[in-house]
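Undergrad: Last residue of the sequence shown: 148 (our numbering), numbering continuous.
The reader is advised that the hints may include incorrect statements.
Mimicking DSS-like on lysine-lysine, the simulated pairs with C-alpha atoms at most 25 Å apart in a straight line are [as the list claims (entries may be wrong)]:
(1) K13 - K27
(2) K118 - K103
(3) K8 - K103
(4) K127 - K8
(5) K13 - K28
(6) K13 - K108
(7) K28 - K118
(8) K28 - K93
(9) K93 - K118
(10) K27 - K127
(11) K126 - K93
(12) K118 - K27
(13) K27 - K108
(14) K93 - K108
(15) K103 - K93
(16) K13 - K103
(17) K118 - K108
(18) K93 - K127
The hints are simulated quantities; they were obtained by calculation from the structure and are not laboratory data.
Everything numeric in this text was worked out from a predicted model, so none of it was measured.
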Amino acid sequence: NHKLSPTKLRHDKEDAFRQNSYTILRKKREEFRRNLVQMIIEQELEENPDSNIDEYKITHAEDTEDLLRYYYYIMMGIDDVHVAPMNQDLLNKILGLVPASWKTRFVKILASVVDDAKEDYAMSLKKSIVDFVLQDPLEDALKMKDKE
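Go ahead and model the full structure; you've got the sequences and the hints to work with.
TA: In structure tokens, the structure reads:
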């Protein structure tokens, strides 16, 4: 029989609580965003009462479809092997900002946060690649002409 020390047990419970708190907070943010989008749509419809709701839905369905396609390109269009991982020096600089006491006290949470940071970094690179590929060359030419 392996018994956990009361201190270890308390730390494990604290870690679990923090993880659950983060998940709850993330879900609340997602719900907030969803409600915000719904409010914006309702406000647009109130401001334009003459607009055809079906036409509005079609327009927004097309926008949603474009957005979904964009995110599909980011998520599935670029293989992870083609994206450079986060540089260890950068990660060390980030971890240097974390107090040493937290590094030993919150090992599991810190590991989870590091994984999240690496995923976010890779996702940002993928997004940048997709944005670069999808940019309009004519728009770039106009920007260059404006600078002259």
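Undergrad: Just pull the numbers of the violated hints for me, sorted ascending.
TA: The structure conflicts with hints 4, 8, although it agrees with all the remaining ones.
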